[in-house]
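Residue numbers (my numbering), protein chains in the order written: chain W, 100 to 744; chain F, 100 to 744; chain U, 100 to 744.
Hints are computed from structural coordinates only; laboratory data are not their basis.
Among these hints, one or two may not hold up.
Unchecked claim - Which stretches of chain U does chain F cover? Using the computed rule of at least three CB atoms under 8 Å from a CB of chain F, they are:
1) 278-288
2) 301-308
3) 514-521
4) 596-606
5) 733-742
Unchecked claim - Ranges between beta-carbon positions, derived for each pair:
6) D153(W) - E274(F): 20 to 30 Å
7) S263(U) - D491(F): 56 to 66 Å
8) P252(W) - E274(F): 34 to 44 Å
9) S263(U) - E209(W): 43 to 53 Å
10) S287(W) - N260(U): 34 to 44 Å
11) S624(U) - E693(F): 24 to 34 Å
12) W419(W) - N260(U): 47 to 57 Å
13) A161(F) - S263(U): 40 to 50 Å
14) L492(F) - E642(U): 29 to 39 Å
15) W419(W) - E355(U): 50 to 60 Å
16) E693(F) - W419(W): 34 to 44 Å
17) S287(W) - L212(U): 49 to 59 Å
18) S624(U) - R662(F): 50 to 60 Å
Unchecked claim - Below, computed lysine-lysine pairings styled on DSBU-like, alpha-carbon distance capped at 30 Å:
19) K194(W) - K194(U)
20) K194(F) - K194(W)
21) K524(U) - K685(U)
Glycine is no exception: its CB is placed at the ideal position from the N, C-alpha and C atoms.
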Amino acid sequence: MLGVCYYPEHWNEEWWPEDARQMREIGIRYVRIGEFAWSRMEPEQGRYDWDWLDRAIEILAAEGLKIVLGTPTAAAPKWLVDLYPDVLPVGEDGKARLFGSRRHYTPASEQWLSETRRIVEVVAARYGRHPAVVGWQIDNEFGGDDTVLSYGPEDAAGFRNWLSQRYQSPQRLNEDWGNVFWSMEVNSFDEVIPPVGAVSETNPAARLDFWRYASDSLAEYCALQAAIIRKHSPDRFITHNFMGFFHNFDHFKLAESLDFCSWDSYPLGKVEHFPLPEAERVRWYNTSHPDFSAFHHDLYRGIRNDRFWIMEQQPGPVNWAHWNPAPANGMVRLWTWEAFAHGAEVVSYFRWRQLPYAQEQMHAGLQRPDRQPSPGGLEVAQVAREIEVMGDLPPVERAEVAIVLDYEASWITRIQPQGDDFNYKLLLHAWYEAARRLGVDVDVVAPGQSLAGYKLVLVPCLPIIDDRSLAAFKATTAHIIFGPRTGSKTTSHAVPWELPPGALQSLVSVKVSEVSSLRPGVSLSLTGSKASGVATHWAERLETDLPADLTYEDGSAAMVTQRNCSYLGAWIDGDFLRQIFADYLKAEGVAMIELPDHIRLRKRGALTFAFNYGPMPWTVPFGGILFQIGNEVVGPHDFACWVDG
Amino acid sequence: MLGVCYYPEHWNEEWWPEDARQMREIGIRYVRIGEFAWSRMEPEQGRYDWDWLDRAIEILAAEGLKIVLGTPTAAAPKWLVDLYPDVLPVGEDGKARLFGSRRHYTPASEQWLSETRRIVEVVAARYGRHPAVVGWQIDNEFGGDDTVLSYGPEDAAGFRNWLSQRYQSPQRLNEDWGNVFWSMEVNSFDEVIPPVGAVSETNPAARLDFWRYASDSLAEYCALQAAIIRKHSPDRFITHNFMGFFHNFDHFKLAESLDFCSWDSYPLGKVEHFPLPEAERVRWYNTSHPDFSAFHHDLYRGIRNDRFWIMEQQPGPVNWAHWNPAPANGMVRLWTWEAFAHGAEVVSYFRWRQLPYAQEQMHAGLQRPDRQPSPGGLEVAQVAREIEVMGDLPPVERAEVAIVLDYEASWITRIQPQGDDFNYKLLLHAWYEAARRLGVDVDVVAPGQSLAGYKLVLVPCLPIIDDRSLAAFKATTAHIIFGPRTGSKTTSHAVPWELPPGALQSLVSVKVSEVSSLRPGVSLSLTGSKASGVATHWAERLETDLPADLTYEDGSAAMVTQRNCSYLGAWIDGDFLRQIFADYLKAEGVAMIELPDHIRLRKRGALTFAFNYGPMPWTVPFGGILFQIGNEVVGPHDFACWVDG
Amino acid sequence: MLGVCYYPEHWNEEWWPEDARQMREIGIRYVRIGEFAWSRMEPEQGRYDWDWLDRAIEILAAEGLKIVLGTPTAAAPKWLVDLYPDVLPVGEDGKARLFGSRRHYTPASEQWLSETRRIVEVVAARYGRHPAVVGWQIDNEFGGDDTVLSYGPEDAAGFRNWLSQRYQSPQRLNEDWGNVFWSMEVNSFDEVIPPVGAVSETNPAARLDFWRYASDSLAEYCALQAAIIRKHSPDRFITHNFMGFFHNFDHFKLAESLDFCSWDSYPLGKVEHFPLPEAERVRWYNTSHPDFSAFHHDLYRGIRNDRFWIMEQQPGPVNWAHWNPAPANGMVRLWTWEAFAHGAEVVSYFRWRQLPYAQEQMHAGLQRPDRQPSPGGLEVAQVAREIEVMGDLPPVERAEVAIVLDYEASWITRIQPQGDDFNYKLLLHAWYEAARRLGVDVDVVAPGQSLAGYKLVLVPCLPIIDDRSLAAFKATTAHIIFGPRTGSKTTSHAVPWELPPGALQSLVSVKVSEVSSLRPGVSLSLTGSKASGVATHWAERLETDLPADLTYEDGSAAMVTQRNCSYLGAWIDGDFLRQIFADYLKAEGVAMIELPDHIRLRKRGALTFAFNYGPMPWTVPFGGILFQIGNEVVGPHDFACWVDG
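With the hints as extra help, turn the sequences into a complete structure.
Shown next, in the form of structure tokens:
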């Protein structure tokens, strides 16, 4: 199903009926509204204006459109900030981050929580049972614009409170953080300050806890809104629109108060933001990398109940990346179908029409400012027709390969990279890509989630292995490959006394006796009976009695296997990983095919989709199949869909 | 005529007479003094000391030197800042920018305006009618050291006041800025704050207006000083010394209170500051780029009455660029004659003698600290002798080619580059250079200025097309070429409802339906019947019924022409532009010649000058000419001047 | 002798006896303790706890270990900072630099001085006469984490006081600083503020004096502690552990209150921090550059009495560089012996055991967290056995070559680089390396130190030549080569009236008439009868009647010699320098040999050491020698030691 983000408050009210009619006509079924309209809902303190929103909802509903209503907390009006300046977040420099854009609040502010309760209550009470309102989006893109960490007095107080609950006594805090080092001990929780602005590096344990506290308080903030909505709006779903490649809070935790996850898919902008090599950025500049969207579909599908939406889908050039090209012809259609292939229920485009004003005036919509369809808008109409033809899609099945994503891994490797280019996103991407280049489907799972039924489990980097994770690893019969730095930290960000991989040593009998981060230009040869290549970025010296799968030049082990568990103590690239994964997939009897770098496959029930991100046609190498869309030659930026004949 | 900047307060008074004598002897006629001497004019609050300045002026006058007196407002003394700390400008971080260099004031400060009125009044009253004083320089290098934008309380108040006059009501402001977006609406002008320090990007409309306000208040500040001087100093000229490649305020507006413009020409420093590719920086490291000075001569000549001065001419190595080489032998002479060729009345060197103290101790003068002539000083003496020989130069005539420079274009493309390397200066430079490589003279004109009489008008980028500009475009018979992003904004920095190029559509029937900024490494082929090449940086998708002059690979138009107007929706490089310009110049019957990249020509009346910026000789390819200076072989870093025989 | 840094407070007390026993067993003789233990010595204001430290000392002493006790001022506890927040240093942005790491004090704080006196007094009084305590380390790594310059109110007051003593009157200050420039004159010392936060560049003379003031106040602070210790702890040595490549205060001055210098040798981290080209960083990534440690040995040996220690020697990977590889096998041993070859009395490793907590949890020790020896620990045990075999080493003799290091040169070239890449450390390194590649020993000496007995003296850059320096240059019969910018400044950072090289003109009759800094990519050919090459970075135009040793392309001089003094006015690279040095060494009859870039020699009395920093073996090219360690084929990362047979 298709949806769209719409801002009736942006447009002349006379246009609304025609907009609604056109939406319906091109195949739109869902409309998200309201999430930035606080200044229109409540133009002055306590003076509400619902008339316009009532009318907008009626007009949309009259066309049969289903409405997702957003809570407007991502953009408090100026009068509120002037009344309560303490709601503003505070930067690392100790200065308030001012009004003028969005997300100008810290959830640590008591006043802000009170304002949130008030506005969510009135919106939910007014529209919660409206028949056209089918669901809710809480806030907008939590954490966007680097707003997870805030350093003001209320944040500090919240942190101290969080610590006192976690550690109970300052003695315990001192011990777990190792505060005896550099005389950092405190005599009371009141002495603790956020780990920022110090003469040099602060304690990584403090930073990890500060991040956890901030992540937790965002999750609580989301739950606070969800509870109010559930009270007033029974039988409607609650979701939030997450951002891709965004690790600054724990999505698994925050999602606990949601019914399902949505995410905002901007494939081209990420080409600039993700740390790709420059040549790759040029290569994929107007298509995006073929694993960027797919990875996030696989992530958000798995978090809650195998349901997910694209709440905002890029329909054309945007405004916020370093460069903002138009998507290649066909890519808006391709991205949409790719989302469906990975299980999306709804793909909702951002936005109906390009607003010629303000910060996003250069961000395309399905319509141009002159109310004509944009190139992306024309592709969407085509998608809608194809959906009609295809009918309901079969349910998504569990994949045979799982990859573990851990938000704390992301925090830990940024708090203590140890080598400047140890980038968790890059590592995760390389492992995911290596598997996907073998034509297999992949589920993204949380640490501790059941791994039953998988054939191969990939754990690129999981520094903290808690009891639940360990139990899940022990319980599965899948082959598990653990990457570098897995098991390298205790829950309080210390090196395990028994050395890394810590608790994992009960599965693989190995100790990491020394660690080297490797600067650009340095690589170490690795050889093995089944695969060979080089280590870059990171290389661990392993102490083990196990036979080595891969060895360094001096003959010492870089990778070892015990029963169904392998530990790989080096950063290796995608081609090298692919050799290794292929070997295990073959052993586990998983069907696979080596794909060109621009082709990806994805199954949904009996359907197989093939997506071509490249500029050259690709011929489907399978026989005896029945095409539902496309044919055996998949053109550039095109896709095909078939069932086995 | 030659001039020099002199600081009697820097030197032992016993040296003054000898300095004055030597100036006269080597051919200096004008001396600029006084613009940094406030602490000597008024050592303590209200205690003035004019004796030393009286004597200095008498000594200079006694040698027949004409004096340009500077108002000392660019460097207020410490006692003043201590008394009135609110005069200090405030940075983006909200902190006052402190005493210790220069330009430490914001013109928004009421106290500063009062101090300015006081000191200018007393200086002007004392010296305004002195027979040796022939003119005034107001302040020094307005905007230098990034002082146009200031963010303190008085700046904010000034901005609010400016807005209330422009928009009359907060409703109108909200509408024109599109403040409904992200709930940015205000209920009163009092709610407005400068667009800085926000969580993320602020409204570009707010930023453009803040820049306009700051530019306007600088222009008012200049006019305030000018009015005081005119009262006390009749029949003296008033000028200001602008900086090259400096776009942070509107020079056209500020110049309205001046009699003519001066500018400070530092050709070598700009090689490092201008965004040239590294290879070009190496190429021109000790000569400067052959279009850098010429462009500014053509700009400042045109602003007021076809008169301009070089107030500060680089005479040797300076101290403030990333690297500071000595000019190649001959370049000080070449730069001087090039200024005259472009119409300069006076070339005044900075400075008489290198001061061995303080910030500019490594900045050369015509003399070294040991009172011996510097290498540059020796070249100046040669120039003076050549001036004697040449006598009066003929008046400068209007060129056949004009290029439109717009300060708001510079602000808009920095506020919203949309692609990180969309640099207005680079674009302007490429268009100017392309024309100049064809041997033609170019006038730099303001938007809205009459274009009558030109054969070719170049508009590299003019986002806002107001009524005056449009009228000027309509009124000329010249062929006009509009570059990318022209007409892409309304006066309030919105996308025109009818799409770009907005009002220009009445001249060229085309709509920009989609825009791509192109990252480094991406280029798109463009082909046409008369020229071919690639687009980089920027490519617009054009919707038009006009035949295409240039097309993208998919056959869509990149450039179209209607009657005498062409719209080029892509960023193309200099060689490609030159092909296009040559075609139109030929059609218009303008004489041209393709020049090597290091040679430039310039006419002044019947005289033609050829300047050789390269290391190899160049043979003049014209016959039947009579050399006034030089001969048909123009040596490296040399020039020649001839009349048609 | 070997030592180790130990933190009993980090470990379970039950481990102490075993730790002490193991130390003794592997050959450790000295243990440094206590320098970060303030929060354990004084857990709350005025409540001291010495029991644990008493016991630790007894346990170490019982194994015959000699103790170096550190004063704990590098890490004040939180309660102290909460009581006296004014002790915190203040950054360039005017904000206090907070608690959370170390070095969070400014020595300008009166309260801090009072707290320092108190804690040092009690520690020194308690342990000063303990028989096992043989020496003291004051504080830890002065200046680390950029803590030399602080900008708070007490720093400003201290600066004003320092200035009033130096200049006596504001008039004198104005004159010496050239404050008339830009009206920077002050009427009283009270008007002076630290040179920071101004609109643009502040007066370099003010910055130099501010740096001197800060350096002096650190030296005074060290002397304050030393005086207290001497009172309570007779016959014990006092040292401080300096950092390599750290120029932010004057080590010569600070060392005046010490008995000898120690330094902290982290060869690998410096590969990333020193401005080496990237290819060199890759080349030396796990060995370090062969001149990095050697230079510092030669420096710290010379400062006080030809004695020095390595207080902290890197034993494995560290945590604080951009990348942190493990040292190549053998390098920990090589570095240790290299230190001894250069005269170190004691090499003390940092640290006994890797603490799995806090900021340095990834920093290796001789033991791993699991109490097993690390790879570095195993090499140290080998070194200890070799020391036994070798017995006492002969005394170090004066070298035949000296190189002058000047801390003010470092400050001046950073305050006023004039070309962005004029890096004093790079220049010094190139000159030292060029000499060392010729197989000769080098002493690093302070300006003004006697140069008697040397054959060749290298002065890469000495901007200020004071009377003592000049006298030392005049008194020596060595050939002296002065590099660019030598003599280019007066003591108050002005250009000498007689032009550079100022006072040096009495030795070499030459004037620097013009200076060019040269951007990357620009090089100027230099030719001479004995050596040829190119100038990069910097080229001076020389005015002289002396014959030229090297000339630019235009025939002007780049290097001249008068009697035993040469002035070289250009930056030239190591290979070029080596040709020149070789020529003078040959003339002076100094034995030399051209070494590969990875081999270095060092004599200690009759012993010659050869160190191989490269991956290929090297065959000793001398005959008739008797190997003490190793043999004629020196393996990769190995060394040999011989006496002439």
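Item to complete: Could you tell me which of the numbered hints above are not met by this structure, giving the numbers in increasing order?
Response: 5, 17
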